Structure formats: structure tokens, C-alpha cells
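Trainee: Sequence:
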Amino acid sequence: MRRAIIESLTYPRMMMISQMDSEDCPLRMYFDPTHPECRCCEQSQECRWLNSHDEFSVLAEQPIRHLHQAVLFCIDYVESQSSLRKHNFRRCPCESCVWLRDARYLSRQIEQEAALSAT
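Okay, so the sequence shown: first residue is 0 according to numbering that gives the first Met the number 0, each after it adds one.
These aren't lab readings, by the way, just hints derived from the structure by calculation.
Note that the structure is a prediction, hence the values are computed from the model and not measured.
You may find that some hints are simply not true.
To be verified - What follows is a set of in silico ranges between Cβ atoms, one per label pair, in the way DEER data are often shown: (1) Arg38 to Ser79: 18 to 24 Å; (2) Arg27 to Glu6: 24 to 30 Å; (3) Gln111 to Arg90: 21 to 27 Å; (4) Ala114 to Pro25: 40 to 46 Å.
We treat Cβ as the ideally placed atom computed from N, Cα and C, and that holds for glycine.
Make the full structure from the sequences, and use the hints.
Mentor: Structure follows, in C-alpha cells:
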């Protein structure tokens, strides 16, 4: 399950990076919550997420609940990007909509597994 979760974060990570403007960033997309530019930046949420879940972080050691929160953030992000393009998430065959359907299914699996382990 952990591997599937980590692998699922690849697509939204690439999407965020491709849509962010690093040239205007004085910190070159390194999020610093104390820096005035980061506090008022339109991309602060994405930048914070990327810095917390980059390919070099130790995702394999994070608890499943933290990874699940990362997936949920990505679902919201990809969904908002797709809705701007007026996609029908249930039927659209584009990569974003397919990822959304798969990620929602994965999220339900994580929740079911958590419920089973809690009992």
C-alpha cells in the first residue's frame, strides 16, 4: 500500500512543478514560511507541499496517515486544475481525470485499511 501511495504522488508533483513559475521566486521554490515573499505568494501551498514531499524526502518512513493527507491534498489540487478546464471527472479520459479516479479509489482503500486496523 505504501508503495502505491508514494507512486501516486508522482503525477501531481510533476503537474505542480510544470505549472509553477520558479523564475520569479527569490528562493527558487524553496518554501520558507518566515520569508515575506512566501507568505504572500499565490503558489505557497503548492511550494510548501513540494518541499515536504519532494523526491528526496523520506516518504518511505512517513506514517500512512501523513501519506494519505498528501494524497488528499493532491486530489484537491488536481481536481481544481481539472475543473478550471471544465473536465468531467467521471468520464474524461485525460491523464488528470484518470489520475483523480485512481487516487480517489486509493484513498478509499487507505481509509478501509485504517478502519480495519483500528478494530
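Trainee: Hint by hint, which ones does this structure get wrong, listed from lowest number up?
Mentor: The structure conflicts with no hint, since it agrees with every one listed earlier.
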